[in-house]
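Q: Listed below, chain by chain, are the residues.
There are 2 protein chains.
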Amino acid sequence: MMAPMDSVWTRTQPPPRDKVTRAQIVRAAVDLLDDEGLAGLTMRKLGGKLSVAATTLYWHVQTKDDLLEYAVDAVYAEIDVPGPELAGWRGAATLLAHSMRSTIIRHPWLPAVINQRISVGPNAMALSSRGMAIFSAAGFTGRDPEKTLAALISYVLGSAGSEVAWRTMVKASGKSAPEWTDEALAQALPAAEAFPDVRDVLEQRGRRNPYTMLDETFTFGLEALLDGFAARLPGTWT
Amino acid sequence: MMAPMDSVWTRTQPPPRDKVTRAQIVRAAVDLLDDEGLAGLTMRKLGGKLSVAATTLYWHVQTKDDLLEYAVDAVYAEIDVPGPELAGWRGAATLLAHSMRSTIIRHPWLPAVINQRISVGPNAMALSSRGMAIFSAAGFTGRDPEKTLAALISYVLGSAGSEVAWRTMVKASGKSAPEWTDEALAQALPAAEAFPDVRDVLEQRGRRNPYTMLDETFTFGLEALLDGFAARLPGTWT
DNA sequence: GAGACACTCTAACACTGTACGACTTACCCG
DNA sequence: CGGGTAAGTCGTACAGTGTTAGAGTGTCTC
Chain A
32 MMAPMDSVWT RTQPPPRDKV TRAQIVRAAV DLLDDEGLAG LTMRKLGGKL SVAATTLYWH
92 VQTKDDLLEY AVDAVYAEID VPGPELAGWR GAATLLAHSM RSTIIRHPWL PAVINQRISV
152 GPNAMALSSR GMAIFSAAGF TGRDPEKTLA ALISYVLGSA GSEVAWRTMV KASGKSAPEW
212 TDEALAQALP AAEAFPDVRD VLEQRGRRNP YTMLDETFTF GLEALLDGFA ARLPGTWT
Chain B
32 MMAPMDSVWT RTQPPPRDKV TRAQIVRAAV DLLDDEGLAG LTMRKLGGKL SVAATTLYWH
92 VQTKDDLLEY AVDAVYAEID VPGPELAGWR GAATLLAHSM RSTIIRHPWL PAVINQRISV
152 GPNAMALSSR GMAIFSAAGF TGRDPEKTLA ALISYVLGSA GSEVAWRTMV KASGKSAPEW
212 TDEALAQALP AAEAFPDVRD VLEQRGRRNP YTMLDETFTF GLEALLDGFA ARLPGTWT
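Chains as they are written, first to last, in this note's numbering: chain A, 32 to 269; chain B, 32 to 269.
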C-alpha cells in the first residue's frame, strides 16, 4: 500500500492542489438547498460549509445564478431514463415520470429554479435525448417525439411542483400532515367556507393519508396522458 | 367647480384618508413583477412607485412573502373558467387551459412563486371550485373531478413554466428569438454536439417561428391529456 | 533563481427585508 | 369644545445579502 520511505515530506505531489473544486461546491450547494431551501443558500454559508471564504467560491463560479444552474444540472443526473427496449415505451415513460417526480421531491427547490432559466446543461440534454428515444422507438415520427416528451415532462414538473409546495408548507410548520390540514382549515381558511366542494377536498386530505392521495392523483393524470399518447401513435385507428 | 374661498388652507376634509390601500399595493407589485421580474420587486422600489416610504407598506402587508401571496391570488382572478354548460366539458377545459397559459405568460414570475407556497386565496379557491364543476358536469364522480382538474392544471403549469423560462431568457438577451437560438447554439452550447437529436430540435426552433411551435407543443399535450380524460369518463367502453 | 500563474483571503460597497419609535393627523367620547 | 385613542406614515438603523478589487500566498515553469 505504501511505498518505502513515503511520508508527507518525501511525497512530491500533494494531491489536493485546490482547497475546493467546482464539483465540491455544487454538491455542497445542493445539500444546502435540500436542507434549508432556496432562501437558505447563501454564499457565506456555503463557504462556511466548505471551510472557505465566501469570495473564494467566485473563483470557481461566476455568479450565484450560475451556481444554481450547475446545481440544477447536477440534480438532472439523478433522473434515470430507461431505454425503450426494457419495458416498452409505456413502461419506460412511466419509469421516467416516477423517477423525475421522486427526484423533485428530494430536491424541492428545483421547480422554482427551473422555471426561471431554461436548462441546457449536459445532463438536461442527455435526459432530452434519451427521453425522445423512448418515443421514437414507440413509433412517433417527425416532431412528435419532442412534443410527447415535452408534454410528459411538463405534467410531471407541474404535478411535482404543486406537491412540493404542499410538502414544504407542512414541513415548515413542524406538524404532521393531518394536524396541519386541520389547523389550516380551522383557523386560516375562512375563505374555504364559500366553496364547500373545495373544502371537502382539503378535508379529505386531512383524514386519509395525504401522501397516498398525492400518489393516486399523480398516477391518475399520468395514465390519462399516456393513454392520450397511445391514441396518437401512428397505426392506431381512431 | 370650486367653492368660494376654497384653497388648500381652508379645505377641511382631504378626501384620501390613506395614502395607499392594500389593493393598490398589490396591483403595483404585480406591475413591477411583470416589468422587472421576481428579482426586480423591491420594497423600496415599490414604495417609490406609490410615492410612499418603503416601511409604510408594512402597515398594509405583514411581509414581502405575504405580498407575493396576495399578488398570486390577484393574478388568479384573471384566469376565466367557463361553466360546462357553454362549451361542453371538453370545450370548457380547453378554454380554461388556454386562459391559464396566457395568464402565466402575461405574468412570467408566477410559476416560480407558485411552486414555493400553495395557493389558498379566494381566487385560487374559486378557480378550483369552478374547475371541478366542469368535470363533475362531465360525469366524473367521487374524487375524480379533483384528480382530473389537478392533472389539467399541472400540465398547464408545467408547460407554461418551461415556455416562460424560454421567453424570459430570450427577452433578457434583447435579441429576436431566431437570433438568440443561433447564438446560443453556436457559442454557448458545445454540449449539444454530443446529442445531435436535441441539437436538431433546438435548431428547428430557430428556423421556424418558435412561438407557433410552442403553441403546437402545448396543444398537442393538452389534447392528449383530454383524450385520456375522455377515456376515463364513466360509461365509456374500454 | 525569477517570474508567471492559480488560487485564496480581507475589506469594502451598494443594496436587501424589516423592527422600532417618533410624528402627524382623523375620529370618538365626555 | 377638548382631550385621548387609534390609524397611518415616516426616518433611522441593523443585520445580512451578492459581488468587486487588491493584496497575499503558494506552486509550477523556465
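One should not assume that every hint holds.
Identical chains share a label here; the pair holds if one copy fits it or two copies do between them.
As the list claims (entries may be wrong) - Dumping the calculated DSS-like pairs for lysine-lysine here, alpha-carbon to alpha-carbon at most 27 Å:
#, residue 1, residue 2
1, K206, K95
2, K50, K202
3, K95, K76
4, K50, K80
5, K206, K50
Bear in mind the hints are in silico, worked out from the structure with no lab data behind them.
Q: Hint by hint, say whether it matches the structure.
A: Against the structure, the hints come out as follows:
1. In the homo-oligomer, the alpha carbons of K206 and K95 lie at most 27 Å apart only across protomers (24 Å), although the nearest pairing inside one protomer, at 33 Å, exceeds that limit.
2. In this assembly of identical chains, the alpha carbons of K50 and K202 never lie at most 27 Å apart, being 35 Å within a copy and 38 Å across copies at closest.
3. For a Cα distance limit of 27 Å, the shortest separation of K95 from K76 qualifies both inside one copy, at 13 Å, and across copies, at 23 Å.
4. Taking the shortest alpha-carbon separations for K50 and K80, only the intra-copy value of 12 Å comes in at or below 27 Å, while the best inter-copy value is 46 Å.
5. Proximity of K206 and K50 under a CA criterion of 27 Å is satisfied in neither setting, with 40 Å inside one chain copy and 40 Å between copies.
Violated hints for the displayed structure, listed by number in ascending order: 2 and 5.
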